[in-house]
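Colleague: Between the sequences and the hints, there should be enough to build the whole structure, so can you do that?
Note that the protein sequences, when read in sequence, are chains Z and R. Under the numbering used here, the letters of the first sequence match residues 1 to 472, in that order. Under the numbering used here, the letters of the second sequence match residues 1 to 411, in that order.
Quick caveat, the hints were computed from the structure, so don't treat them as lab data. Heads up, the beta-carbon is just placed ideally off N, CA and C, and yes, glycines get one too. There's no promise every hint is true.
To be verified - Some, not all, of what chain R presents toward chain Z, calculated at C-beta under 8 Å:
1. T25
2. I56
3. M60
4. T89
5. S90
6. V98
7. L119
8. A149
9. D154
10. D344
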Amino acid sequence: MAAVGDLKDWQGETPSNERTDEPKDARIWQREPRGDNPFAQITDAVVRIVETPKPPRAWYIALAISLSWLGLFGMSVGLLVWNGIGIWGNMNPVGWGWDIVNFVFWVGIGHAGTLISAILFLLRQNWRTAINRAAEAMTIFAVICALMFPALHIGRPWLPYWMLPIPNQMQMWPQFRSPLDWDVFAVGTYFTVSLTFWFMGLIPDFATIRDRADTTLRRLVYGVLAMGWRGSSRQWHRYERAYLILAALSTPLVLSVHSVVSFDFATSQLPGWHTTIFPPYFVAGAIFSGFAMVMTLLIPAREFFGLKSIIEMRHLELMTKVILATGTMVGYAYAMEFFIAWYSASSYEQFTFINRAFGPYAWAYWAMVSCNVIFPQLFWFRKVRTNLGAMMVICVLVNVGMWFERFVIIATSLARDFLPGAWGYFVPTLFDFTTFLGTFGLFFTLFLLFCRYLPMVAVAEVKAIHPAAHGH
Amino acid sequence: MSESAETPAVVKEPEQLHGLLAEYTTPEELLQAARRVKDAGYSRWDTFSPFPVHGIDPAMGIKRTVLPWIVLVAGLTGGSLALFFQWWTSSVDYRWIVSGKPFWSIPANIPITFELTVLFAALSCFVSMLVLNKLPLPSHPLDRYKRFARVTNDRFFVLIQASDPRFDRRETAKLLDATNPRAVEAVMEDTASSATLPRGVIYGLVMLASAATVPFALAMLARVSTSERPRVHIVPDMDWQEKFKAQRENHFFEDKRAMRLDVAGTVAQGELRDDDHFYRGKVGGAFAKTFPAQVDISMQTMERGRERFGVYCTPCHGVDGGGQGMVHQRARALLQGTWVPPTDLHQENLAYKSVGELFDSMSRGIRNMPPYARQIDTADRWAIVLYLRALQRSGAAKLEDVPESERGGLK
Chain Z
1 MAAVGDLKDW QGETPSNERT DEPKDARIWQ REPRGDNPFA QITDAVVRIV ETPKPPRAWY
61 IALAISLSWL GLFGMSVGLL VWNGIGIWGN MNPVGWGWDI VNFVFWVGIG HAGTLISAIL
121 FLLRQNWRTA INRAAEAMTI FAVICALMFP ALHIGRPWLP YWMLPIPNQM QMWPQFRSPL
181 DWDVFAVGTY FTVSLTFWFM GLIPDFATIR DRADTTLRRL VYGVLAMGWR GSSRQWHRYE
241 RAYLILAALS TPLVLSVHSV VSFDFATSQL PGWHTTIFPP YFVAGAIFSG FAMVMTLLIP
301 AREFFGLKSI IEMRHLELMT KVILATGTMV GYAYAMEFFI AWYSASSYEQ FTFINRAFGP
361 YAWAYWAMVS CNVIFPQLFW FRKVRTNLGA MMVICVLVNV GMWFERFVII ATSLARDFLP
421 GAWGYFVPTL FDFTTFLGTF GLFFTLFLLF CRYLPMVAVA EVKAIHPAAH GH
Chain R
1 MSESAETPAV VKEPEQLHGL LAEYTTPEEL LQAARRVKDA GYSRWDTFSP FPVHGIDPAM
61 GIKRTVLPWI VLVAGLTGGS LALFFQWWTS SVDYRWIVSG KPFWSIPANI PITFELTVLF
121 AALSCFVSML VLNKLPLPSH PLDRYKRFAR VTNDRFFVLI QASDPRFDRR ETAKLLDATN
181 PRAVEAVMED TASSATLPRG VIYGLVMLAS AATVPFALAM LARVSTSERP RVHIVPDMDW
241 QEKFKAQREN HFFEDKRAMR LDVAGTVAQG ELRDDDHFYR GKVGGAFAKT FPAQVDISMQ
301 TMERGRERFG VYCTPCHGVD GGGQGMVHQR ARALLQGTWV PPTDLHQENL AYKSVGELFD
361 SMSRGIRNMP PYARQIDTAD RWAIVLYLRA LQRSGAAKLE DVPESERGGL K
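Modeller: Dropping the structure here:
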């Protein structure tokens, strides 16, 4: 390189990202982030998680447990492919059993990420930057888990492409006027767009890891993923426009997905399903459960990975407020269903709701009401909103409650419809449990790998909203 | 700084100089520097930062990107394609009747139209962001400068390219120096590393791309060619189904029949058959002499009877009912000694039999004639009886029975 004499040259500390005397294990996560300016500290706090050569034993133990559950999932699916869905408890009249309950459960959870990254972005809620990356990752993993269930539920899981409009030897097309086909398009689009949005957000952070990399493999892998991002302002300009547009596109999309899922029920003639409140009620429930799942994951993760300086208590408190608001909306929807059943003067509709609360599934109904309506009300108290243990317990309960909500909607309505002669009672089998637990294995495996190998926090976005970025 | 542009560049730099790089530590310094470089009239320059610096677009004079318009067009394309495709598939190519609903009804097609609008718009948004930004960009002269590695961490840079018409090594350096940078460095063109991918990688990619077309080519070939072998079923779940066919054994049941018998005394809807006249041809235990009320004595029934007679009776009894059917002639030709010849339906004793008895013989069989109740519907058997009566009548007809206009042909 030709020396340029008349140029002011830099003197002092190392000009590059080189680091020395770093501990090689996870102790690095617990020390103060390094750097002589807030931007460097933010980079260090997040990227060191990816760079640590040896993650702590706890991470390996968690991964081993997740992988064993994932193995259980593999075996359950294998047996299902071999034997058919008769290994599940699905029967007449409850033809939609745990598979559809779990599908709606996981899709619902998968709504928080895009809500946080898109709607809160449009509403200029800057605190979202601390959690949006992890929430979007959670969304993608939850949607992957959700997609497992319809694919298995179709009975011949090797033919899921029949749901897509592909020219075939049967000379037939999918039924585009069916809500089940709307589901294929809605969830498929949601997954693709969420993945695109997530990946686009990751590009500048991949570049950060690439530029700090001290091993060739890391520089190569993250370099390929960063696609040559170098932070040019002309590129940032287009990037920001694209990000804003994606947020604007994702906002109606995220609201449409659970609405479409609710159409699966609402467009049928079944008492307890055939209601117009379903789309907004499902969307509120989805945000409710999604935020609860984000908190369930992030409360331990921020402690474990030393991200307390970025994911602050304030952020958690704001999320508890969203949970309180959406939980109350869900409670309103439960009450309104009863009101409409009475107001409709339809004896079938009235019976369905009385049967839900006092019939053979009363245990599930009251589990749902207490988890979704009663416990989240504790978030009115500031002490509960700032207590990590209480938050964790309530968020897990919300997830349990939201699973029961879908179970109550599906099982109670199907089990006792018009003709008492055709009534039944759904009992799950062992394989219903193993398949469901297995998707948790899939979910946690993906999330643990995400925590370890991808930047858990949107580094560039957190820097952009830091006071130092605005010269204050 | 504008005067530097008027004087031609006296000190022409060596060709390998890419530009001058200035480093800053805060976004404010970068903004100030950007304003000064812009005011100096440079056009081939850029700034670099770890995050989008607020206010950098006006400071640099960056024009609004065309990206939103691309997204709009892509979204509209996606929406119209979705509508057109749904219309074409469900109301032109494969008309699918669902509960008598119209083949084409916009409201039911809106969800998919919406989803595809969003899908097309979002994907085009991402792709045009990459294309307009000229990404992926594997190599850049700045990559060799260690200080530039901090651009994605905590440093801010201005790069003025040597290819800018206003670039003058000394003047540009002076301009950058005046913006209070942390450092200024000359950036050389990267002549050492090759701009193209290694040959091995290119050949590998070409081979991979060609290999990727093979499955599609095979699929296309299969569509236009024929084969005598049956279609390959990877999962033969429809060829070997776990189910019991009618006459198979099933050890689950005590009698080992897969096909279950009705519970004794079961009568299906409309299958009681308690009308003796119609179903058995009897009235009060004796053969009925008249047709039952359900049989409509008309030319239409007669025609039906003739047609059914042609199907079921002519093989033995012959078209004229004389007992000289094809089966009989074949049996004689083979000299079958045990062959019982079919009855001549014109025999006198048959002509005097009641319709009920004829119906009964047909239904339950007689001598070596098998019963036809399982094969011929009840009403059709009565229709055959009606036709048979007409046939017998015609066999015993006199000249007076034939209409006068037709008599000439018979003589």
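Colleague: Confirm or reject each hint.
Modeller: Here is what the structure says about each hint:
For T25 of chain R, the interface hint holds, the least distance from its beta-carbon to any beta-carbon of chain Z being 7 Å, beneath 8 Å. Given hint, I56 of chain R at the interface with chain Z, holds; its Cβ is 5 Å from that chain's nearest Cβ, closer than 8 Å. Interface hint status for M60 of chain R: upheld, as the beta-carbon distance to the closest one in chain Z is roughly 6 Å, under 8 Å. Residue-level restraint check for T89 of chain R holds (minimum Cβ-Cβ distance to chain Z is 4 Å; threshold 8 Å).
A least Cβ separation of about 6 Å between S90 of chain R and chain Z falls short of the 8 Å threshold, and the interface hint therefore holds. At a threshold of 8 Å, the smallest CB-CB gap from V98 of chain R to chain Z is about 7 Å, leaving the interface hint in force. At a threshold of 8 Å, the smallest CB-CB gap from L119 of chain R to chain Z is about 4 Å, leaving the interface hint in force. The interface hint given for A149 of chain R holds, since its Cβ lies 4 Å from the closest Cβ of chain Z, which is under the 8 Å cut-off.
With 8 Å as the threshold, the beta carbon of D154 of chain R comes within range of chain Z, its nearest partner Cβ sitting at about 4 Å, so the hint holds. With its C-beta approaching chain Z no nearer than about 55 Å, D344 of chain R sits outside the 8 Å limit, and its interface hint is violated.
Of the numbered hints listed earlier, the single one contradicted by the structure is hint 10.
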